[in-house]
Every structure is written in structure tokens, then in C-alpha cells.
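Visitor: Sequence:
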Amino acid sequence: MLGAACLLAGIGLGVMGYHLMNAGARNVQMLRQRLAERDRQLAELRDGVGDHVERLGSLAAALNKEVSEASSRLGAEAPQRADLAAATPTTPEVESDDDVAAPRDYADGNRGTLSEDFGLKQNDADAPQPPRY
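Just so we're aligned: 66 in UniProt numbering is position 66 of the sequence shown, and the numbers increase by one with no gaps anywhere.
No wet-lab data here; the hints were simulated from the structure. Note that the coordinates shown come from a computational prediction; the quantities given were computed from them, not determined experimentally. For glycine and all other residues, C-beta sits at the position ideal for the given N, C-alpha and C. Check before you lean on any hint, since a few could be wrong.
[Stated by the list, open to error] No more than 25 Å apart at the CA atoms, straight line, and that leaves these computed lysine to any residue pairs for SDA-like:
# : residue 1 : residue 2
1 : K65       : R46
2 : K65       : G75
3 : K65       : V53
[As the list claims (entries may be wrong)] Here are the in silico distance ranges between beta carbons for each label pair:
# : residue 1 : residue 2 : range
4 : G75       : L35       : 34 to 40 Å
5 : E69       : D47       : 49 to 55 Å
6 : G17       : D47       : 57 to 63 Å
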């Protein structure tokens, strides 16, 4: 009877140990699978970024080509538009209003809040002096 109990206990411990070992291997397999999936996603993103950069490069080249064509067209049309430059005045007329007063800070007296000594006390001798060492 003792032998049968030891045999059953041994079998139970063996099954439990196998299950624990197999669970660790299963976790390792799942981690490897997740790592492979992330590597695949990263490779797809790299390919997508490369395609995007190539597309941006072609768009920039097309834009540069259009800008150069537009500037050449404007350069070709400039002599034809010389009459417009002669029709517009070169110096704008400035209205001189001498009756407009200079801006004020709206304070009482000669010195206002925008003066450099606003809020400072007049008697500097009464102010406490820092100790000198």
C-alpha cells in the first residue's frame, strides 16, 4: 500500500513538473511569436516611410519645376508690363497732420507713469543702506 501511494505521489509530482516546464516553454514560444510580429510591423513601417520620403522627393522636384517655370514666365512678361510701373506713383503721398498731439501716458503733472523715476522715493538718505563688510 505504501508503494502504491508513493507511486501515485511520484506520478502526480511528475505531471505537475511537466506542466510547469511546458508552461514556461509555451510562454517562451508566445514571446518569440510576439517578437516576430513586432519585427514584421517594424519592417512594414520602414518600407512605408521609405515610400513616403520618395513621394515627398518627387513632389518637391515637381514643385521646384513649377516655380522655375512660373519665374521664367514672369520674367518674360515683365517687359510687357512696364506701362503699369509708369502709371503707379513711386513715392506714396504722406499726409502731414501737425495738429495731432504726441501720445501721452495720461498721468498728472510733468512726470507720468512711463518716466524712469516713477514710484521712487526722493529722499535716498532715509532709505536703509545694506551693511558693508
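Visitor: Each hint: holds or not?
Guide: Cross-check of the supplied hints:
no.: 1; hint: K65 with R46; result: violated (29 Å)
no.: 2; hint: K65 with G75; result: holds (15 Å)
no.: 3; hint: K65 with V53; result: holds (18 Å)
no.: 4; hint: G75 with L35: 34 to 40 Å; result: violated (59 Å)
no.: 5; hint: E69 with D47: 49 to 55 Å; result: violated (33 Å)
no.: 6; hint: G17 with D47: 57 to 63 Å; result: violated (46 Å)
This entry does not satisfy hints 1, 4, 5, 6, going by the numbered hints stated previously.
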